[in-house]
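Those sequence lines, one after another, are chains A and B. 283 is the number that our numbering gives the last residue of the first sequence; the numbers go up by one with no jumps. 728 is the number that our numbering gives the last residue of the second sequence; the numbers go up by one with no jumps.
It is worth saying that the hints were derived from the structure and are not from the lab. Honestly, I wouldn't trust all of these hints.
[To be verified] In silico DMTMM-like links for lysine to aspartate or glutamate, alpha-carbon gap of 25 Å or less:
| no. | chain 1 | residue 1 | chain 2 | residue 2 |
| --- | --- | --- | --- | --- |
| 1 | B | Lys152 | A | Glu160 |
| 2 | B | Lys238 | B | Glu289 |
| 3 | B | Lys675 | A | Glu160 |
| 4 | B | Lys129 | A | Glu248 |
Model, not experiment: these values are computed from the prediction.
Residues per chain, in single letters:
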Amino acid sequence: MGKAIQIHIERCLACKSCELACAVAHSSSGDLYTVIRSGENPGHRITVEAYGRNAVPVNCNHCVEPACVLACPTGAVHRERPGEPVIVDQERCIGCHMCVMACPFGVITVRSDGKGVLKCDLCIERLAEGKMPACVEACPTGALEFVDEEEANRSKRQRVAERMVAAQEAEQ
Amino acid sequence: MAKQLTFADKASRAMVDRAAEEHIDIVWDRYEAMQPQCGFGKLGICCRNCSMGPCRIDPFGDGPKLGVCGADADTIAARNLVRMIAGGAAAHSDHGRDIAHTLLMTCTEEDPDYQVRDPEKLKALAAVYGIKTDGRDIKEIGADVARAALKEFGQQEGSLRIATMAPADRQKVWVEQGIFPRAIDREIVEIMHRTHIGVDTEYRNIIKQGLRACLGDGWGGSLVATELSDVLFRTPNPIRAQANLGVLQKDNVNLVVHGHEPTLSDMIAVVSQKEELIEKAKEKGADGITIAGICCTANEILMRRGIPVAGSFLQQELSILTGAVDLMVVDVQCLMPGLAQVAGHYHSKLITTSPKAKMPGVQHIEFHEDHAVQIATEILEAAIDNFPNRNGHKPFIPKDTEGLIAGFSSESVFRFLGGKYRATYRPLNDGVMAGRLRGAAGVVGCSNPNVEYEEGHIRMVKELIKNDTLVVTTGCNAITCAKHGLLQPESAFKYAGEGLQEICRAVGIPPVLHLGSCVDNSRILVTLANVVAEGGLGTDISQLPVAGAAPEWMSEKAVSIGFYFVASGVFTVIGHPLPVMGSPNLHKYLTEDIESEVGGKWAFILDPVEAAHAMLRHIDKKRKELKLKPMMYKQAFEPEK
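When you get a sec, could you build the whole thing from the sequences and use the hints?
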């Protein structure tokens with residue numbers, strides 16, 4: 112995989128467009144107005160958390176050794192192949208909420224109807240169509256970015272290098 | 088990938104491609120960059136009316152159901168919606184106020200630049216206001232009418248006199264519902280009061296004030312704008328003209344007027360005929376001067392002078408991209424700030440003229456009606472002086488134009504149908520009663536990049552006329568219909584049903600009648616009132632087999648217009664919904680329950696053909712209620728029984 116959603120909290124303005132887009136993307140129609148009219152509640156898998164005056168979008172990190180997968184007694188929470196997103200097979204879910212308790216980030220939530228859980232699937236269906244995850248696409252400020260981890264690291268190292276060079280030049 | 092238009096006229100498609108080649112961002116690019124747009128705003132459940140907020144209601148019910156003050160989705164969506172009505176009604180009405188001031192100035196000053204050009208219409212209006220006309224000087228009458236009209240904006244007692252032009256039964260509905268407008272400005276002010284934190288929170292009561300304000304627009308401010316413009320600039324009569332970007336001439340000085348008011352644009356049209364200016368243009372190397380219009384100021388001078396239309400709202404930037412516009416002069420409303428950026432890539436000069444509408448970095452030549460000729464001349468000279476700055480850059484003007492007939496009005500339709508000496512709506516009413524015409528539809532409104540440009544307008548209009556429904560049009564829909572050839576009598580034989588064809592052939596009209604600018608939607612109201620008065624089709628507008636639509640709506644004015652049609656008893660369809668979907672109660676009220684109160688209601692249907700069918704079903708229902716004869720000819724769309 113190598114690609115992940117990176118969060119720039121300094122850019123988040125708490126519009127919650129990511130939450131709304133997540134819900135619509137995971138609805139049966141995929142259309143905002145239809146979802147509202149039909150009364151469907153697809154739920155959102157990303158949450159904009161308020162902390163002091165900051166707004167922080169929090170979602171699943173698709174851990175390499177996921178506590179949720181280890182906790183699930185039926186294999187409902189699983190990963191198809193290494194490097195792919197951790198997803199939930201609703202058919203196999205018995206609603207024990209072990210994954211909800213196990214997740215250290217609090218990003219697996221119980222559905223509003225109590226049946227099963229909500230968990231980020233990294234929009235695998237959208238990715239297969241060559242699209243971005245819905246939350247990333249919806250973010251108007253670029254607070255959410257879908258990036259290759261190594262590329263993201265390289266650009267971070269570049270910024271560090273830039274600062275070090277600037278510091279060195281200032282000393283001379 | 089750059090935007091490509093798939094439905095619009097050829098000229099627009101070519102210009103959008105050109106924008107991409109030149110790497111110039113225009114409205115469609117900015118729209119793409121803005122995607123996805125905020126769902127809370129679309130649903131109408133974001134409130135910024137006080138600073139305890141901003142507040143958002145969670146449409147799925149997991150998060151907050153109430154704002155900080157306790158307002159729910161119904162209250163918030165209703166408050167936001169009526170503020171849109173306030174914006175739209177204010178824009179139309181302020182336009183009307185300016186025209187009334189111009190009439191007053193014309194009638195009270197010595198040697199004014201304008202004249203009363205339609206004294207008959209002035210006298211008819213005087214009768215509405217109860218002003219004596221016998222033996223009086225026309226300027227005296229004009230001054231009294233202007234003062235009476237101006238008084239209705241701010242009066243503190245009574246109700247709108249001009250709204251009595253509506254059928255008596257319609258007025259009765261307004262009185263019973265408590266929505267008869269008292270004064271034009273007052274209803275707008277009251278919207279702002281009621282939507283302040285902690286005032287009106289009952290959503291139906293909030294909408295009620297919206298209805299009262301929009302009636303003060305349609306049967307008030309807009310009606311004043313139309314009627315007094317006719318007095319000053321003549322009531323339009325059918326006239327032939329050309330539309331689309333191809334009306335720009337590569338060897339002429341091209342001056343494009345854009346915006347909404349007729350005062351400056353009409354004067355520019357007059358002054359552009361002056362020999363000395365044409366001579367000056369020739370001295371600068373041009374063959375002559377071409378005036379062309381964009382948006383509704385174009386419709387104003389098209390209707391009265393046959394001045395060609397360069398394009399509709401979404402073509403304003405495209406016109407500059409031709410590189411052939413030496414000057415674009417704008418007044419008010421629907422002016423994209425993006426114009427300044429696009430003009431920056433070309434020699435084109437952009438000039439603002441209204442103290443109400445300036446743009447950063449753009450030259451401002453303030454227009455004052457008492458120096459109209461002088462200012463119009465100054466602007467024309469600036470255009471001529473800018474012609475040599477093309478510096479041999481070859482303009483790129485698409486050659487596409489389309490012929491059209493514009494200039495219909497509630498009066499000229501009258502004369503057309505009954506003849507000059509026996510003007511009457513009888514043939515129209517008879518046509519509907521005999522089943523030759525199924526009914527009539529007003530298809531109006533803006534263009535919006537959120538749908539495929541022009542597809543909604545054209546497919547809807549074609550579906551309606553195919554089913555023997557006469558279409559009246561204004562604003563940007565009218566310009567779109569013109570560009571697609573629907574405003575020509577011949578188009579009846581191509582697209583209209585048999586019954587409508589017979590009417591068009593007998594009377595010599597196109598199946599789609601251009602009634603003017605968006606402020607002139609008041610002409611549609613007056614026409615409906617005249618049809619009721621003619622008799623045989625009930626006693627109120629809500630009984631008529633008619634419907635309205637704005638498939639590509641965009642502005643707050645469109646919201647006010649839609650609401651005044653609903654409040655006048657007309658079933659009104661728009662494409663993308665009003666921003667109320669976050670409140671299922673308000674949505675149900677507007678699309679269902681409101682009908683039992685005012686006789687009209689809204690529908691939100693994105694597919695234009697499906698929307699046309701909903702209009703036809705409504706028309707059929709009204710025909711049935713009036714016990715009209717079955718249709719004379721087989722209809723393409725027959726709803727399932």
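State the violated hints by number, sorted upward, taking the hints as numbered earlier in the document. The structure breaks hints 2, 3; every other hint is satisfied.
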